[in-house]
Amino acid sequence: MQPDIKHTWHFNQSPEEVWEYLTKPDLLEQWLMKSDFKPILGHKFSFFDKNEGDHFCEILEIKPVTKLSYSWKKPKMPFDSTVTWTLIPKDGGTDLQIVHNGFTVLKDYNDHNHGWDYLVTKLVERLNSGK
Amino acid sequence: MATHTLDAFQVIADPSRRQMMQLLSKDSMTINALAENFDMSRPAVSKHIKIMYTAGFISITDIGRERYCTLKKDGFNELQGFINYFDKFWLGKLKNLEILLNNKTNKK
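Just so you know, the sequences run in chain order H and V.
Quick note: the first sequence uses the working numbering, first residue 92, plus one each step.
Quick note: the second sequence uses the working numbering, first residue 2, plus one each step.
Please keep in mind that the hints were generated in silico from the structure rather than gathered at the bench.
Incorrect hints may have been included.
Unchecked claim - List time: in silico DSS-like cross-link candidates among lysine-lysine, alpha-carbon distance up to 27 Å:
(1) LYS154/H / LYS141/H
(2) LYS105/V / LYS129/H
(3) LYS129/H / LYS164/H
(4) LYS181/H / LYS115/H
(5) LYS96/V / LYS158/H
(6) LYS165/H / LYS105/V
(7) LYS164/H / LYS115/H
(8) LYS96/V / LYS115/H
(9) LYS158/H / LYS89/V
(10) LYS164/H / LYS125/H
(11) LYS89/V / LYS27/V
(12) LYS165/H / LYS135/H
(13) LYS115/H / LYS74/V
(14) LYS97/H / LYS89/V
(15) LYS125/H / LYS105/V
(16) LYS94/V / LYS135/H
(17) LYS135/H / LYS89/V
(18) LYS115/H / LYS135/H
(19) LYS94/V / LYS154/H
(20) LYS181/H / LYS27/V
(21) LYS89/V / LYS125/H
(22) LYS97/H / LYS74/V
(23) LYS27/V / LYS164/H
(24) LYS97/H / LYS94/V
(25) LYS154/H / LYS105/V
(26) LYS165/H / LYS74/V
(27) LYS125/H / LYS154/H
(28) LYS74/V / LYS164/H
(29) LYS48/V / LYS89/V
(30) LYS94/V / LYS115/H
(31) LYS165/H / LYS115/H
Said to hold, decoys possible - Chain H side only, calculated, beta carbon under 10 Å to chain V, not exhaustive:
(32) HIS101
(33) GLN121
(34) TRP122
(35) VAL174
(36) HIS191
Treat the numbers as computed from the prediction; the structure is a model and nothing was measured.
For glycine and all other residues, C-beta sits at the position ideal for the given N, C-alpha and C.
All chains should be built: construct the whole structure from the sequences, respecting the hints.
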């Protein structure tokens, strides 16, 4: 099991320009989803998706033109996760890195059991060993 | 009694089932031994076991008079599918963004 989703994508545009596309709702809508995003720490917002259901998010970290991190939760899935964008100036453009990780069972589902992490670790081992 | 087929996320959403799987991650156990760890009726335990079995999280083997439950990876593959889904999702979105930014640059 690959618990982290990680991609790095190079853009010819400057980090400032790429940043706008990560933080302005009208621009976000053009490539990702419609949202009520605001670039404010702790702001709770949603990405609206008619087909797949809305995504619920909260801004966890924001460093202008450098780093943006928000929680990412989908209904019907008892998981919470984190999406982190990092912008690195490279060759006159930008390396944009996304890491989507921290797939954890929601606290509401976890009140009777603190051993889930252990279980997941065990299963990862089993899956990796191909048993 | 009809047992609804639950998807992998619904299966693991229940704390008792997660606890059962946690116990089974250490070793195979009989249904009786498993039931001893829970303050619930035997039919309730059986119902959880049936749900996990149906969703491919455990297998059940009869040895003598006992029924042994063993963790199975099929159910967990569905969770892996969720990770794969987002992997493709983000690749697709990054591609969108690239097209968008390049079109914008070309228009200048």
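Status of each hint after checking the structure:
Taking the CA atoms of LYS154/H and LYS141/H, the gap is about 30 Å. The hint is violated against a cut of 27 Å. Annotation: proposed proximity of LYS105/V to LYS129/H holds, straight-line Cα distance about 23 Å (limit 27 Å). For the hint pairing LYS129/H with LYS164/H, the CA-to-CA distance comes to about 17 Å; that is within 27 Å, so the pair holds. Of the pairs offered as hints, the one joining LYS181/H and LYS115/H holds, with about 23 Å between alpha carbons and a cut-off of 27 Å not exceeded.
As the CA atoms of LYS96/V and LYS158/H are separated by approximately 20 Å, the hinted pair is consistent with the 27 Å bound. With a C-alpha separation of about 32 Å, the suggested pair LYS165/H and LYS105/V falls outside the 27 Å cut-off, and the hint is violated. Between LYS164/H and LYS115/H, the direct Cα distance comes to roughly 20 Å. Compliance with the 27 Å bound is thereby established for this hinted pair. A distance of roughly 18 Å separates the Cα atoms of LYS96/V and LYS115/H; the hinted pair therefore holds under the 27 Å criterion.
A distance of roughly 22 Å separates the Cα atoms of LYS158/H and LYS89/V; the hinted pair therefore holds under the 27 Å criterion. The straight-line distance between the Cα atoms of LYS164/H and LYS125/H is roughly 16 Å, inside the 27 Å bound, and the hint therefore holds. A hinted pair counts as satisfied when its Cα atoms are at most 27 Å apart, and LYS89/V with LYS27/V does not qualify at roughly 33 Å. Only pairs whose Cα atoms come within 27 Å are accepted, and LYS165/H paired with LYS135/H is accepted, the gap being roughly 14 Å.
Restraint check: the Cα-Cα separation between LYS115/H and LYS74/V comes to about 42 Å, which exceeds 27 Å; the hinted pair is violated. For a cut-off of 27 Å, the pair hint linking LYS97/H to LYS89/V stands: about 11 Å separates their Cα positions. Of the pairs offered as hints, the one joining LYS125/H and LYS105/V holds, with about 20 Å between alpha carbons and a cut-off of 27 Å not exceeded. With a C-alpha separation of about 22 Å, the suggested pairing of LYS94/V with LYS135/H holds against the 27 Å cut-off.
The suggested pairing of LYS135/H with LYS89/V holds, with an alpha-carbon distance near 25 Å, which does not exceed 27 Å. This hinted pair checks out: LYS115/H and LYS135/H have alpha carbons roughly 15 Å apart, not beyond 27 Å. Among the hinted pairs, LYS94/V with LYS154/H is consistent with the structure: their alpha-carbon atoms are about 22 Å apart, no more than 27 Å. Pair hint LYS181/H plus LYS27/V does not hold up; C-alpha atoms about 48 Å apart against a cutoff of 27 Å.
Straight-line distance between C-alpha atoms of LYS89/V and LYS125/H comes to about 19 Å, which keeps the hinted pair within the 27 Å bound. Restraint check for LYS97/H and LYS74/V: satisfied, since their Cα atoms lie roughly 24 Å apart, inside the 27 Å limit. For the suggested pair LYS27/V and LYS164/H, the alpha carbons sit about 30 Å apart, so the restraint of at most 27 Å is broken. The hinted pair formed by LYS97/H and LYS94/V meets the criterion: a straight-line CA distance of about 13 Å does not exceed 27 Å.
Distance check on the hinted pair: LYS154/H and LYS105/V sit about 25 Å apart at the alpha-carbon level, within 27 Å; holds. The straight-line distance between the Cα atoms of LYS165/H and LYS74/V is roughly 24 Å, inside the 27 Å bound, and the hint therefore holds. Straight-line distance between C-alpha atoms of LYS125/H and LYS154/H comes to about 22 Å, which keeps the hinted pair within the 27 Å bound. This hinted pair checks out: LYS74/V and LYS164/H have alpha carbons roughly 25 Å apart, not beyond 27 Å.
Pair hint LYS48/V plus LYS89/V does not hold up; C-alpha atoms about 35 Å apart against a cutoff of 27 Å. Proposed proximity of LYS94/V and LYS115/H is supported: the alpha carbons are some 16 Å apart, at most 27 Å. As the CA atoms of LYS165/H and LYS115/H are separated by approximately 22 Å, the hinted pair is consistent with the 27 Å bound. This hint holds: HIS101/H has a C-beta 9 Å from the nearest C-beta of chain V, less than the 10 Å allowed.
At its closest, the beta carbon of GLN121/H sits 6 Å from a beta carbon of chain V; the interface hint therefore holds under the 10 Å criterion. Checking TRP122/H against chain V by beta carbon gives a least distance of about 4 Å; that is within 10 Å, so the hint holds. The criterion of a C-beta within 10 Å of any C-beta in chain V is met by VAL174/H, whose closest approach is roughly 8 Å, and the hint holds. At its closest, the beta carbon of HIS191/H sits 6 Å from a beta carbon of chain V; the interface hint therefore holds under the 10 Å criterion.
Violated hints, in rising order: 1, 6, 11, 13, 20, 23 and 29; the structure is consistent with all others.
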